[in-house]
Amino acid sequence: MKPTTAMLALAMVAATPALAAGTFRVEEATIADIHKAIRDKSLTCHRLVQNYLDRIAAYDHKGPALDAILALNPNALAEADRFDAAYAKSGPIGPLHCIPIVLKDNYNTADLPTTGGSASLAGAQPKTDAFVVAKLRKAGAIILGKSNMHEFALSGTTVSSLGGQTLNPYALTRTPGGSSGGTGVAVAANMCVAGTGSDTVNSIRSPASANALVGIRPTKGLLSRAGIMPVSETQDAVGPIARTVADAARLLEVMAGYDKDDPSTAWSMGNAPQSYMSFVRPGGLRGMRIGVLKVMFGNAPEHQVVNAVMANALAAMKKAGAELIDVDAPALDAAKLNANNDVQKYEFKALMNTYLASIPNAPAKTLSAIIASEKFHKPSLEKFLASAEGYASGMEDPDYKERLIRNQRSRQELISVMAEHRLDALVYPLQKRLVVPLTELNQADRNGILASVTGFPAITVPAGFSAPSAEAPLGVPIGMDILGRPWSEGRLIQIAYGFEQATHYRKPPGSAPPLETKK
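In terms of my numbering, the sequence shown has 449 at position 334, counting the first letter as 1, and numbering is strictly consecutive.
Incorrect hints may appear among the rest.
Listed next, the in silico DSSO-like pairs over lysine-lysine satisfying Cα-Cα at most 30 Å (straight line) [to be verified]: (1) K622 <-> K409; (2) K177 <-> K253; (3) K409 <-> K451.
So the derived label-pair ranges between C-beta atoms look like this [what the hints assert, rightly or not]: (4) L556 <-> D512: 23 to 31 Å; (5) S508 <-> E555: 31 to 39 Å; (6) L556 <-> A585: 19 to 27 Å.
In short, the hints are calculated from the structure, not lab data.
Glycine residues also receive a C-beta, built at the ideal position from the N, C-alpha and C atoms.
Kindly generate the complete structure, drawing on both the sequences and the hints.
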């Protein structure tokens with residue numbers, strides 16, 4: 116569902132004059148910046164939320180027409196007023212006090228529809244928030260709205276029958292990655308502070324890579340997936356997308372926790388530190404042994420731009436104190452893992468049917484009803500949906516069981532490689548080539564599947580940009596994936612923060628510049 120006329124009117128009619136020059140700028144503001152400004156009384160929660168609504172009004176359907184937002188929260192300003200009143204009385208509500216975020220539209224919300232970007236589920240209204248959404252709200256976050264996504268999170272170019280094609284703000288002729296591309300664009304274009312995504316293969320880290328952002332795919336079991344529209348029990352993960360490592364770590368810290376409705380989270384007990392923010396400290400790369408996973412680099416002409424950017428990023432890592440070790444592990448090749456290990460099509464039908472049964476007013480109650488409606492993006496989804504529907508019981512299929520065995524072998528191979536070389540982490544480009552033009556239906560040469568089929572954690576960070584061009588005045592963003600052992604999110608955050616502070620590669624997109632100060 117696109118923002119309604121009434122919702123957009125809310126952003127304009129309720130407009131508050133922007134803060135005076137020299138006090139607070141919303142563009143590229145971090146959680147720490149916002150909280151300092153609120154403490155200094157140079158910013159109110161109402162004004163902050165209004166600033167983001169103004170930017171959405173200016174850039175989501177107008178200007179570059181990025182089409183990142185599916186639905187706005189009509190109560191956002193009223194919530195901000197409550198936060199201001201509460202702050203005046205007793206201080207901040209929690210670690211995310213008055214932080215406006217967007218949620219990928221496969222996260223259940225009791226106050227907004229959850230559609231997976233599909234016209235076949237327009238208006239579908241969950242009864243309760245997803246577990247992690249409830250935790251974000253309790254920590255003080257304001258849900259600004261729901262973001263566009265590749266429909267049902269089943270591909271990587273962020274196009275949906277309900278939201279259309281989301282554009283990359285750095286190169287308007289290219290996709291923003293996906294499937295969490297709406298969140299990625301909203302964060303990159305400063306329409307919110309941060310957001311959430313889901314990652315079945317690449318889908319948090321792909322838009323992070325394509326939009327010069329930080330995206331965290333955690334160890335399987337660290338964050339609950341209860342209340343998230345599913346694709347694969349084996350491969351699904353949820354996590355934060357932000358402009359900085361510190362902000363991503365703050366959201367991860369808030370979202371983590373045991374949830375009885377997602378049994379996998381029982382494995383996190385005793386494995387998660389009390390604070391991930393404690394790993395956000397200077398000099399994080401000094402003494403780290405980093406494996407450069409050579410099988411994840413391409414050799415064709417179309418891969419050379421990414422390879423050149425990665426060479427600079429690796430040199431920066433070494434200069435900041437890391438020891439780099441080239442690693443040859445052909446069994447971990449992404450193309451092989453995609454062909455032989457991926458299990459989405461076997462699990463999707465049963466999981467989706469169970470999910471749809473939990474939504475009281477879901478317009479379609481089964482995958483077969485979705486297909487029969489023909490209200491989905493056929494060019495990118497028709498083949499997958501038909502394949503998934505074709506299994507009477509996909510999780511009883513012999514090939515499915517063989518793939519699960521291969522996944523266990525891949526986990527052992529990966530942990531053995533890290534042990535053999537005494538590695539703190541592995542690095543490689545999240546994508547071997549630049550994010551694709553809008554004319555293509557598939558994001559080719561992505562490497563995110565290694566984390567998804569093994570359940571190991573990974574953080575994607577900005578590694579640099581391609582050369583500037585007419586279509587991409589700043590260049591096209593390129594991201595580096597940093598993968599670690601299970602439950603090593605703290606160390607990965609330390610490495611990522613050290614790299615971020617040594618390079619400062621992120622630049623905001625020119626297509627969504629600061630708005631003029633209102634008089």
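Results for each hint:
no.: 1; hint: K622 <-> K409; in the structure: 28 Å, holds
no.: 2; hint: K177 <-> K253; in the structure: 33 Å, violated
no.: 3; hint: K409 <-> K451; in the structure: 14 Å, holds
no.: 4; hint: L556 <-> D512: 23 to 31 Å; in the structure: 26 Å, holds
no.: 5; hint: S508 <-> E555: 31 to 39 Å; in the structure: 34 Å, holds
no.: 6; hint: L556 <-> A585: 19 to 27 Å; in the structure: 24 Å, holds
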